[in-house]
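Residue numbers (this note's numbering), protein chains in the order written: chain Y, 1 to 188; chain V, 1 to 401; chain D, 1 to 457.
Hints should not be assumed to be uniformly reliable.
[What the hints assert, rightly or not] Short, incomplete list of chain D residues facing chain V, as computed with Cβ under 7 Å:
id : residue
1  : 147
2  : 247
3  : 254
4  : 255
5  : 257
6  : 316
7  : 325
8  : 327
9  : 330
10 : 357
Hint data in this document are derived by calculation from the structure and do not stem from the laboratory.
Think of the CB as a built atom: it goes at the ideal place given N, C-alpha and C, for glycine as much as any other residue.
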Amino acid sequence: MSTTVMDRRVREEGAVWGLLAEFTDAAELIEAARKVRDAGYTRWDSFAPFAVHGLDTAMGIHKTVLPRLVLLGGAAGCLSGILLQWWTNAVDYPFLISGKPLFGWPAAVPIAFELTILFAAFAALFGMLGLNGLPRLHHPLFTSERFRRVTTDRFFIAIEADDPRFDSGETRRFLTQLGAAVVEEVRD
Amino acid sequence: MRTTDISIDRHELGGLAPLLLKLAGASLVAGVAGIALMATVGGRGLDRILQSWLVGFTFFLNLSLGALFFVLLHHLTRAGWSVVVRRLAEGMAALFPLLALLAVPIVLWLPRLYRWAEPGVVVHDPILAGKAGWLDPTFFTIRLGVYLLIWSVLGLYLFSRSVRQDATGDPRLTVTMEKRSAPGMVLFALAVNFCAFDLLMSLDPHWFSTIFGVYLFAGSVVVFFAVLPHLTHWLQHHEELLHTVTVEHFHDMGKMLFAFVVFWAYIAFSQYMLIWYANLPEETEWFLRRQSGQWVWFSLFLAIGHFVIPFILLLPRSSKRKIHRLLLVSAWMVLLHWVDIYWIVMPELSPGRVPLDPLDLFVMLTMAGAYGTAWVLLLRRRSLVPARDPRLAESLAFENA
Amino acid sequence: MAEAPPATRQPLILGEKSLGQVSRDILSLVEGGATPLWWTAFLISFTVLMIGAAAITYQIATGVGTWGLNKTVGWAFDITNFVFWIGIGHAGTLISAVLYLLRQRWRTSVNRSAEAMTLFAVLCAGLFPVIHLGRPWFAYWMAPYPNTRGSLWINFRSPLVWDFFAISTYLTISFLFWYFGMIPDLATLATRAKSRLRRRLAGFLSFGWSGSTSTWLRYETVYLLLAGLATPLVVSVHTIVSWDFATALIPGWHSTIFPPYFVTGAIFSGFAMVLTLLLIARKTMGLEDYITVRHVDAMCKILIATGGIVGFSYLIEVFTALYSGDPYEQFAVVNRAFGPYAWAYWLVIACNVVAPQLLWFKKLRHNMLVVWIISIFINVGMWFERFVIIVTSLHRDFVPSSWAMYRPTIIEIATLAGTFGLFFTCFLLFARFVPVIAISEVKGVLGPGHRHEEAGS
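With the rest of the complex left out, here is chain Y (with noise of 0.2 Å):
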């Protein structure tokens, strides 16, 4: 593709983003996506409107780092829980009260406990967030009126043109190969 062309079409209608392929049947996709693995393209995804088993593998994908993320969450909120209840009632203002120790450790169990969960969980779900980039008002795919069903009943395979091996020929006769019902582009 020469660069007066693709000048242009920048011009016109924005940079190309990527090829987005369609396929109805959870199966076709995790066979798609292995195929796509294997061609060695690096910069893609792929779309379900569910959780689809198998297909993390299918991709390659690995394992992600939250559990540990959590797991430092989980031993902040113990600790801070811990230093919380030692500090005010046995040091800052140590306060007798029905004969108990100024710090008991079975009378903090429940709160130290309390706030390893809730940081835990604050890790969990902010750490998925953060990875996933979400909260995210616009990606390009929101454009193409197609992708809308990816939440509905639809899958979908999206090859970046980022891609080292993105070439928008050949990358769209190989999507049609691995038995895509529709190939379309998509813009930014």
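Start from chain Y and add chains V and D according to the hints.
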């Protein structure tokens, strides 16, 4: 998805049975000889032997109770994953007649273990006099007999129906077992709770705690799920038996072990915290005894060893899927369950001093020998897998999502 | 349902649905607008809510003296309502988290509405400790914050402070769990929306969800993690509620079995309330293919199991009190069963122990009307259980000269009614504006053969 045709697979003890019987027999002989040696040369009296005996008996009783609970729960929930290991548990759950036999020395010399069984003590103690109707040697013996009868009937029933299915392949047997398990669970729960009150809580006949039965129940499931992976792995390792059991099943056993370790801690903490907080002398005495003298260290070891260590070790997914790590933790939990029982029984009979003794080991060897022999004899000519269970295929193909 | 051979698992969703149809079915109320039935129910609930609001306003303006409390019985209706609502709030998280961990896939049809129920029930519950304070405008004193009154901190050794932390954590996490589970469905709502406003709003609330695989993967991981965190949390909340009583010395309150007993009781009452609501919802909203007899059957079995544990706890309580040799404990038990509030005690036994036994029969489990009536019985029984625990233990304590009776005032009854109004108003708004069933999860449990949609439909 894996498919395993288990018909081409050997799944009987076969050649392993003589080896296992030899091992169990050796354990039994060594145990009995050890007890005799400690009694004669070591000068340990009958009282001390009975104390160890009660600990050992409770340990193996709990193992069988955990197994029975597992089988009942399997049927009640119509579980799929656990079919492949169910026969091993059914074997353990059918051993209550043997346990009844092992309970004889306890019943025979009741007053040597239980203060309330000595008439001389009861007359001078108004509280005990008030409980004399319930804590009565004859009534106690009858109750213990009833508990063991309930468990024996349940265990043997489930075992025999499951074995019959091996022969007939009748899927209706599964449905019947599921139906019978619901009332079975009710009887099981009541018997476990009152047995815990009778056998262990009454060692301190003044003390009472409504959660005590639940505490013992939690421990029984822990010890079962600690023993099961070892048994499965050992059988797998020798002569490739049971290779129908995959890492997925070990993963689930690890999860169950983890869950019940946490449940045990929850119950133990609830009991301790409420008594600590309310600070009533008639309740705190039980814990004070475990916080005095050498028992302090023993109690700390129990709290850390039975909760903190297994909790940390079992938390990562990998520790449940790497079989050798799981085996390490579960071996530790088998030991710690014994520690738990020891901690319940011994401070009542030996306040201030942890009376660890070779005798404890010999009693455990004796019991393990008898228990193991009975288990092998029961399963010797049977399939180790419920080969014609209608849900076996689901269990074989099982994967953790 | 005929006796199926044990090897086959029944389908979870009936009627051979296609993916698109699932979205259409579940979103019908949201997209189709309110029905007259909805408006009737809403107006009734809202009126009752307003009556409750008036009662609370009057009580706050006048004082706690408008309630029937006295020096001996300092906790009664208020704390009963608190424990009752918190208990109701346990089934949602249990269905979402515990059943998820136990791989009970039938939960997908009921978890969304059960989670919403949790949220509204916890809101109702949280109200009572606050209005009970006497000077509720100082409620923020319960939070540990640096202040100018010198070194002054709350007493962390008090179970009531534990409650404050437990309830607020639970409310937060329940909300996050509920909202989090809804993100993919909000995206569905957005892409299907006809009006621009609704599309924008739902799209914004769905955080720009695109359904990409890496997003789904992390989403599922977080769901699993949140389930793993919510499970001990839900247990801890009612455990701490039970500690409000069990740490005290009052006979009938101080019992070590309270934590697991309260937790099971909460699950028991929560499931009863889920059944009460869902049986109405499935009928009025035409969700019979999604909330099937099988779902009801499974929940009935949970009722038998948890009801059994509750009955077992009653038995152990009575036995241990008699066994303990403690005359005060013994008196508390006898007073419950044969004292002036004996009617309430036997009502509890009838509703919580006897009535659920009917569910052993499959015929009755599959009769929706019978199940619905039993669920009402359990709701009533569980409310009275807390009433019996609280009032009978307090009204005759250690010193006979201070014995007293408690009788609720009209203000207290109106306040209780008002929380029901709040609960149902919230639930109706939820059913009107958000998908009541987790669409994306239901799509995941449709059989593989049912997923095709004819082209162009």
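#### Entry: Hint status (Cβ of residue 357 (chain D) to nearest Cβ of chain V, threshold 7 Å)
violated (11 Å)
### Message
Given residue 327 (chain D) as an interface hint, is its Cβ closer than 7 Å to any Cβ of chain V?
### Response
At 10 Å from the nearest chain V Cβ, residue 327 (chain D) fails the 7 Å test, so the hint is violated.
### Task
With chain V as the partner, please determine if residue 247 (chain D) meets the hint condition of a C-beta pair closer than 7 Å.
Holds - the Cβ of residue 247 (chain D) comes within 7 Å of chain V, reaching about 4 Å at its closest.
#### Entry: When the least beta-carbon distance from residue 254 (chain D) to chain V is tested against 7 Å, hint result
holds (5 Å)
### Query
Should the interface hint for residue 330 (chain D) be scored as holding, given a Cβ-Cβ cut-off of 7 Å against chain V?
Hint violated; residue 330 (chain D) Cβ to chain V Cβ min 10 Å, cut 7 Å.
### Query
Given residue 325 (chain D) was flagged as interface, is its beta-carbon under 7 Å from a beta-carbon of chain V?
This interface hint holds because 4 Å falls under the 7 Å limit.
### Message
The hint names residue 255 (chain D) as touching chain V; please verify it with the least Cβ-Cβ distance against 7 Å.
### Response
holds (5 Å)
### Query
Close enough to count: is the Cβ of residue 147 (chain D) nearer than 7 Å to one in chain V?
Hint on residue 147 (chain D): violated, closest Cβ of chain V at ~28 Å, above 7 Å.
### Message
Please check whether residue 316 (chain D) passes as an interface residue: C-beta within 7 Å of a C-beta belonging to chain V.
### Response
Since the shortest Cβ distance to chain V is 5 Å, the answer is holds.
#### Entry: Interface hint status, residue 257 (chain D) versus chain V (Cβ within 7 Å)
holds (4 Å)
Comparing the model with each earlier hint shows violations of hints 1, 8, 9 and 10; every other hint is respected.
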